[in-house]
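Q: Assemble chains B and C onto chain A, guided by the hints.
If you're matching them up, the sequences are chains A, B and C in order. Numbering (the working numbering) for the first sequence: 1 to 179. Numbering (the working numbering) for the second sequence: 1 to 362. Numbering (the working numbering) for the third sequence: 1 to 241.
By construction, these hints were calculated from the structure, which means they are not laboratory data. Please note that a few of the clues may not be correct.
[To be verified] Straight-line alpha carbon distances no greater than 25 Å define the calculated DMTMM-like cross-link-like pairs of lysine to aspartate or glutamate that follow:
id, chain 1, residue 1, chain 2, residue 2
1, B, K47, C, E82
2, B, K286, B, E254
3, A, K86, B, E354
4, C, K9, B, D217
5, C, K40, B, D217
6, C, K83, B, D204
7, C, K40, B, D21
8, A, K161, B, E45
9, B, K327, B, E254
10, B, K241, B, E230
11, B, K3, A, E156
12, C, K12, B, D198
13, B, K286, A, D56
14, B, K3, A, D167
15, B, K125, B, D250
16, A, K162, A, E174
17, C, K6, C, E182
[As the list claims (entries may be wrong)] Listing some non-contacts, in silico: residues in chain B with all C-beta distances to chain C over 12 Å:
id, residue
18, I16
19, P79
20, S89
21, P108
22, F121
23, R222
24, S223
25, L237
26, K243
27, E260
28, M359
29, R362
Don't be surprised by glycine CBs; every beta carbon is placed ideally from N, CA and C.
Chain residues, written in single-letter form:
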Amino acid sequence: MRKHIVISGYGGQGIMLAGGILCQAASIERKNSTFFPSYGAEVRGGAAKCQVIISDEYIGSPILKDIDIFVCFTSMALKKYSSYVKENGIVLFNSDMVSNDETNVLSKNIKKIFVSANTLADSIGNVLFANVVILGAFIKNINILQKTSVISAIKEAFASKKKQVLDFNLLAFEKGYNL
Amino acid sequence: MIKLLKGNYALVEGAIKAGIDAYFGYPITPQNEITEYMSIRMREEGKLFFQTESELASINMTFGAAVIGKMAMTSSSSPGISLMQEGISYLIGCELPCVIVNVQRGGPGLGNISGSQGDYFQAVKGGGHGDCKMICLLPASVQEMYEMAIKAFYLAFKYRNPVFILTDGIIGQMLEKVDLLSLEDVLKNQFKNLSVDDYKKMFDASSWALTGCEGRDSRFIRSLYMNEGELTKKNTLLLEKYKKMEQELDWEEELISDAEVVLVAYGISSRINKDACILARKSGLKVGCFRLKTAFPFPSNRLKEIARTRKILVVEMSMGQMLEDVKLAVDGVNTVDFYGISGGDLPEVNVILEKIKNMLSR
Amino acid sequence: MFVLPKSLKPVKNHYCPGCGHGIVHRLFAEIVDELGIREKMIAIAPVGCAVFGYFYWDFDTLEAAHGRPPAVATAIKRLMPEKVVVTYQGDGDLIAIGGNECLHAANRGENITIFFLNNTCYGMTGGQMAPTTIPGQKTTTTAQGRTSLDGNPIKVCELISSIDYVTYVARTSLHSPENILETKRAMKKAIQNQIDNKGFSLVEILSMCPTSWKMEPYDAMKYIENVVSKEFKLGVYKDRK
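The shape of chain A in the complex, shown without the other chains (with noise of 0.2 Å):
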């Protein structure tokens, strides 16, 4: 098994946060894992994007040119990586942010997921939730991770903060993975 995986979207919506978990989520199941990130000019507001691969076997670059998973996060991260999407491969949407026409541009054979992330996080008390709303998603609708060592990995990345910030991110998750 070996899943090549991209998220996109606007710096400060949580891209490398909600990467980053899934990395962690990996090596928690004793898989190989690597996260590389990669940003625009600003801090807030321009292009992220972080590719997360995990795999049984090694990895040698963290790299990666083709995307089995993309989770999209605006119409410009659509734009700029549907054309890297393998044949079979699954987008997920934040419905919110990307219109149903505009995903017309992936071939047929794409699974198309979405979520209207921003709305439900919105019902939790903040948009910025709108991450780990679609990470619940991710792991209820893709079988490489178990939902235990996701929700670990979301506890490890929160263990500085306020338990609060914990439960509110954990109540995300719930909300995109029962969908």
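A: Relative to chain A, chains B and C alone:
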């Protein structure tokens, strides 16, 4: 303890495990994680973290710490390392130990902030004006960022010379599994036979450091030798030291014995080579991998030996810098092919495989 | 009665006749003896005429890259606060190539002492223009005299004393016995401040360079009195309590 860390963080943990006294740094991407994480970890450890006003100050503060016998480190990325060249030369001239880290980015000039391997010449042939040499370590994983930091401090004090860790923005910024081993275990991995006690003893600088002349004659440390013949003598002694450093030569080879083509690289490129090698073997091509773990000393003899019966493909994220050293080593006994890519892009496995096929059909 | 300070090695002076370095070297050594800090001293020699400071001072001394003594001193003092760390710098070292290091060490209020010899030129390299060269002064790179296009003399004391964290800044001169004694008082205070953990102290010392000025030693002293000290006014610029 197994953790998922960025290479830059692992390097910091290694330096702290080694017992670092002082770190000096100025922000530059893609090595900011080192400076930021040092600011947290060094304060936790009660050690000196210092954000400097420039890379000039960084290297010269490192010089100041070294001159009083402290374990000091500075880090930067390509343009910042260019600024440090003068200071590096002074450290070498004054025979002072320290660790210098270059998390390479694209160049020349401001270049870009992607990983690159464009500073090989600067690290291996340069290190400032004059006859300068530094042991140059080449980590290729987050694990090696941790272990080589520990190794670097020891070698710096062993030879009283700066040790250079040449890595890149990809190894520095990628997140990967790392085992934060005990000092004892790292020494087992990185040295043939070195006890924790002997490791720690190496950092006793009382025989040479400037610490105030209480109970001894006053000392001075300098790199200026104006009297006739004095500098020649000094440089002869330095040359003897550089010769001794050659025993620290280190490399790794895989699937060489039956190989018809051997891929040669260091750092991130060597990992891409390994990806290519695995695929090539799957399709029945006899390909092996050679990975440099030190650039100085350079594994010339071994490369020449390998090249006698095998074709060599150098893969490098530059327009051909290490390539020159490989060619010198191979010394014409076989052809040396090259795949270089510059400007922050990575070598592609498909291209490597294509090159291998071409070489085999020649 | 002439006695050699313990902190001064019994060596022959290599400086040009009438040069101020020999005087300041001796004052430095006398002060170190008087304060009983010889065994705590770590001195930093500059790149410039005084680079050979370590051939004179009998305490631990090193040689830093051009302009970088304040950075080197910062690291040493931070790591060994019990030592006495002094940099000895010239015009080029302190305020041309090393302006940034000096400024930032001052701005951090580093507990170090800087002795800055201002002789209005680059003595060691043959008398070229310095940032401190007097308007109209002829040097080997300003044959017609320094013009406004070459910039105006940088007033180090005025500049550094404006920084909040700086403790003590004074400008003295070597052109007469009284001024030499005043120089010694200022230097001693600048080191005492460090011992008392008071912070950053800098003494700018106007010094003669008869060779580059193409003058007899006596005339060089008169030149300081009549010209240099008019451009660079003597006095205590800052003495923060």
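Q: The structure should be examined with respect to each hint, and the outcome stated for every one.
A: Verification of the supplied hints:
1. Only pairs whose Cα atoms come within 25 Å are accepted, and K47(B) paired with E82(C) is accepted, the gap being roughly 16 Å.
2. Taking the CA atoms of K286(B) and E254(B), the gap is near 12 Å; set against the 25 Å cutoff, the hint holds.
3. Taking the CA atoms of K86(A) and E354(B), the gap is near 22 Å; set against the 25 Å cutoff, the hint holds.
4. The straight-line distance between the Cα atoms of K9(C) and D217(B) is roughly 12 Å, inside the 25 Å bound, and the hint therefore holds.
5. Note on K40(C) and D217(B): the hinted pairing holds, with a Cα-Cα distance of about 12 Å set against a maximum of 25 Å.
6. Pair hint K83(C) plus D204(B) holds up; C-alpha atoms about 19 Å apart against a cutoff of 25 Å.
7. Distance check on the hinted pair: K40(C) and D21(B) sit about 20 Å apart at the alpha-carbon level, within 25 Å; holds.
8. Note on K161(A) and E45(B): the hinted pairing holds, with a Cα-Cα distance of about 22 Å set against a maximum of 25 Å.
9. In summary, the hint linking K327(B) to E254(B) is supported, as the alpha carbons are separated by about 21 Å, within the 25 Å threshold.
10. Taking the CA atoms of K241(B) and E230(B), the gap is near 17 Å; set against the 25 Å cutoff, the hint holds.
11. The straight-line distance between the Cα atoms of K3(B) and E156(A) is roughly 11 Å, inside the 25 Å bound, and the hint therefore holds.
12. Among the hinted pairs, K12(C) with D198(B) is inconsistent with the structure: their alpha-carbon atoms are about 45 Å apart, more than 25 Å.
13. For the hint linking K286(B) to D56(A), the alpha-carbon distance of about 24 Å falls within 25 Å, and the restraint holds.
14. Between K3(B) and D167(A), the direct Cα distance comes to roughly 24 Å. Compliance with the 25 Å bound is thereby established for this hinted pair.
15. For the hint pairing K125(B) with D250(B), the CA-to-CA distance comes to about 18 Å; that is within 25 Å, so the pair holds.
16. About 19 Å separates the Cα atoms of K162(A) and E174(A), which keeps this hinted pair within 25 Å; it holds.
17. A distance of roughly 22 Å separates the Cα atoms of K6(C) and E182(C); the hinted pair therefore holds under the 25 Å criterion.
18. Taking the minimum C-beta to C-beta distance to chain C, about 16 Å, the non-interface status of I16(B) holds against the 12 Å cut.
19. Remark: the non-interface label on P79(B) is consistent with the geometry, its nearest Cβ contact in chain C lying 17 Å away (cut-off 12 Å).
20. With a least beta-carbon separation of about 8 Å from chain C, S89(B) fails to lie farther than 12 Å from that chain, contradicting its non-interface assignment.
21. At the 12 Å boundary, the C-beta of P108(B) stays outside the reach of chain C, the nearest C-beta of that chain being 24 Å off.
22. The beta carbon of F121(B) is kept farther than 12 Å from every beta carbon of chain C, the shortest such distance being approximately 22 Å.
23. The beta carbon of R222(B) is not kept farther than 12 Å from every beta carbon of chain C, the shortest such distance being approximately 4 Å.
24. Residue-level check failed: S223(B) sits 7 Å from the nearest beta carbon of chain C, not beyond 12 Å.
25. Listed as outside the interface, L237(B) is consistent with that label: its C-beta sits roughly 18 Å from the nearest C-beta of chain C, beyond the 12 Å cut-off.
26. Against chain C, the non-interface label of K243(B) holds: every CB pair exceeds 12 Å, the least being about 26 Å.
27. At roughly 51 Å, the least C-beta separation between E260(B) and chain C is larger than 12 Å, which holds for a residue marked as non-interface.
28. For M359(B), the non-interface assignment is confirmed: its Cβ lies about 47 Å from the closest Cβ of chain C, beyond the 12 Å cut-off.
29. Non-interface call for R362(B) relative to chain C: holds, since the shortest CB-CB distance, roughly 51 Å, exceeds 12 Å.
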